[in-house]
Amino acid sequence: MMDSIDMNQLLLWFAGFGAAVLLSPLLGGIINKVKAFFAGRKGPRVLQLYYDIAKLLKKGSIRSTTSAGLVGVFPLLNVTALLTAALLLPFSFAVSPFSFEGDLLLFLYLLGFGRVITTLGALDTGSSFEGMGASRELQFSVLAELAFLGIAAFLVIETKEYALSAMLTGTHAGLHILAGICAAFALFIVLLVESCRVPFDDPETHLELTMIHEAMVLDNGGPGLAFIHYGAYLKLWMLSIFLVSMLLPGCSFYASPWLGLILQIGAIFCVAVLIGILESTTARYRFLKVPQMLLAAFAFSAIALLLLIFQGVK
Amino acid sequence: MNLILITSTLLLLGGLAAPFCGKRDSLAATIGMTSGLFACAIGLAGALALLFGVLPPATVRAGCLSLTLDSLSALFQLPVFVAGIPAILHAKGYLAGHAEGRTGWFWLFFLWTLGAMVWVTLARTPVEFLVAWEMMGMMSFALVAFEYHEKSTLHAAWIYLLACHAGAAFLIPAFIFGGCGIWGMGALIAGLIGFGLKIGFPLLHVWLPEAHPAAPAPVSAVMSGAMINLGFYGILQMPYATDETTLQTLGWILLVLGLTGAFGGILFAVAQRNLKRLLAYSSVENMGILGIGFGLGFLGAAYGKHVISVTAFAGAFLHMLNHAALKSSLFLGAGSVLRSTSTLNMDRMGGLAKRMPKTFLSFLFSAISLSGLPPFNGFLGELLIYIAAFLALNAGITALTGAGLPVLLILAMVGGLAAVAYVKALSAVFLGEPRTQAAADAEERPFSMLLPLLIGAVFSFILLFSAPVLMPFFADLAGALTGQAVDFSESVVPALASILARVALFSLFFSATAGILLRLRQRNLAKNAEKIKPTWDCGYAEPTARMEYTGTAFVQPVVDFFANFLHPVKKVRMDRKLFPAHAEISVETEDAADRTVWKPFFHFFGRAADKIHRLQSGYLHLYVLVMVLALLAMLIWGFYFEGGAE
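Protein chains in written order, with the numbering used here: chain B, 1 to 314; chain A, 1 to 646.
Just so you know, these hints were derived from the structure itself, not from any lab. From the three backbone atoms N, C-alpha and C, an ideal C-beta is built for every residue, glycine too. One or more of the hints may lead you astray.
25 Å max Cα-Cα, derived DMTMM-like pairs, lysine to aspartate or glutamate [stated by the list, open to error]:
(1) B:K59 / A:E530
(2) A:K531 / B:D52
(3) B:K55 / A:E530
(4) B:K160 / A:E490
Here are some chain A residues the structure puts well away from chain B; computed CB gaps all over 10 Å [as the list claims (entries may be wrong)]:
(5) I6
(6) P56
(7) A96
(8) M185
(9) I193
(10) T242
(11) I253
(12) D347
(13) T436
(14) F447
(15) L454
(16) V458
(17) Q616
(18) G638
Facing chain B, according to a computed beta carbon distance under 7 Å, are these residues of chain A, among others [stated by the list, open to error]:
(19) L373
(20) I387
(21) F506
Using the sequences provided together with the hints, build the complete structure.
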């Protein structure tokens, strides 16, 4: 697989990786701008998150007397896990140079590692709010993983590929439109849950009892908080790449390969706008409804799978 | 082979010598520990030498015994030594001050348990195997019952004894009839039940959550890390035919048992309050994962898909080794916690991370790794089984697609639930503020009880990086066990090895990046020192440990979500007035198999026995009547059948 990657593609891939690392905080700015537009406000600058992160990085940090030290470390480990997982994604619709068969699971489980370490960091403070957030986060993750694996099985059957970036950039010759739409919709729900957006979680509110992710990071400040913000948008960027690559054709399809990079980033920004619109027009669900929505996501991926399998049987 | 004989002899003699020390506990411990450690180290060297081809497979005749060491037995010996070495080291500290005058006996039973496990892997004749198997059961029964002063321990030991004997009751006919070539599938099923009782297949698992909490921690470590695997060894050793039908039957049975075991095991692990019970249920889960791997392996072979078969087998073998290293560390860590806090109830702990930081680090690593999360070794075996399931989806055979799909979905849920169970254990035991005085007064264990945890972690890291090297053996074994005469060394083995090597590289990348970031953090902290302030608590003036989440509270949403499976019983006690001063809630989750099958089963037999008991009335003429009736029935039977034959 390594031989088939030419220099140009490699360069493209690294450009895409660099874009993800550098530009992901922009997503927060875009979402907030869209929400401000709907609310008739001017809203913060698009680059606001960069200023926030820079400010936080300069600050000192604070630690709870209860903590055994995990609380300060976990944002770093979470970002590390995300960066490691990002190596497997098809940036600029090019096959990742690091990909190998079965790496889809490494990707998925690295995200899982980030989540576990985040909940441990939250529980480290002994705060009841953070315990609540961690408990909810893990409860939902059980079902989110189920839905994600359903989508993975769909991709594996459809593309007959076992490496993440290969299956996402496959030519989609036999794209089953209805099944594809179901799977993409399931993935969009998973994306919203995993990146803690409305209608599952509200990154804006500071009412502790209703939050998941924000409740887990209450006791973080300074550089740790900067990494948490950064990690959240890096994860959103990565999951958007997943979604976008599933829907759009691979890089060999484009007249100029650089078009792929631009198109991908543009599509990710579109996902951010979509999230902004969704957050402006819907309210957050009650907690009891979240597992139901996750099961709905799983149901959609199951429908996609069944459509595919029965088509294959015929 | 001579190495393994030295190992056996050392274990035998060391065990024999220890009780003669009488009241001199430390002497007994020294004798037991030294001979045990030497035996395990030599045995480990012997098993590795055989696997890596330094020594050839060999058979030794010692008197009436015939012992054979081949690669399958060497592979199943590895967990014995990998779990045994840390357990032996840990046992001395664990027993200190808790087994006055009885230490020698502990070492006798402990070393002989280890010896019997080694013997099980070496025995080749049915009688010898059964003797070794029974010895393993009896010696470990003595260990489970070792702290017999407590009533709960005796109950647990009783259940374990029942399970051992029930296992033998199925194994003896399986071996007799299977050995004679009659019964066929019947012998296979009997063998599956007999060995399944040791493995802890669903329904047959009830002894695990009882015996593991009752047994001393080093014993739980060895039983969970090494002994229950031997059930799979037994199944793989059975003289099953390698025709398509048998492989299919075996594959489907193992797959279904594995899927239910994995899902049910981890679900009940989530709901436990007792730390060692949680770990025991997690063993049921992990044995389920092994069952899934072996099941997929047999199915792949049955349908002629060699790649699936080898991948699944390799995943199962690898997961077995990883589980041995990680679970024994976790049980030993639980033992250390028990010695420091005198309880296993997780809701009565908390805050131990600051009091026992090294034990915490070991437990943290093992728990995250055993949840199957990268960048650690617990991920590797599951990864291979996942890949086998993905391959099965695309195999183009409806049966294999039907097998692969549930494997993927169940493994995904199991992964998520394992994270819930272990985050619960970690947070309830180690994080937050201590919830009792005993937890607040806990102290770090001495070096002798930390060293075994370190050794367990070292084994895990060795496994992470040496996994690619092990692939050729696993492929050969998979081929031999399923009768596939295909050379895997060209195609499948390099592919699997490269996947595992890539994962190891990613682990290195992860460590390097994390190292750089942590280094930067250190530098930042050096500039502006960290402020240490109480946790933000929404403005309460007097935050107490009672405000933080307990383990039970942490898993409550998950337990409620799966209430249909778990049937948790909630007991709430609260003053019925305004401003209740006293409130209490307890959630108990009884084992589903116990509740729905075994209790009604034993209840029924108890009542039936009571009815038959009426025969024992004390009237002699009634007894004579029964005897005459029995004789008459036998006469009729004899004449009828013999007459028909002539």
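| request: Check each numbered hint against the structure and report the violated ones by number, ascending. | output: none
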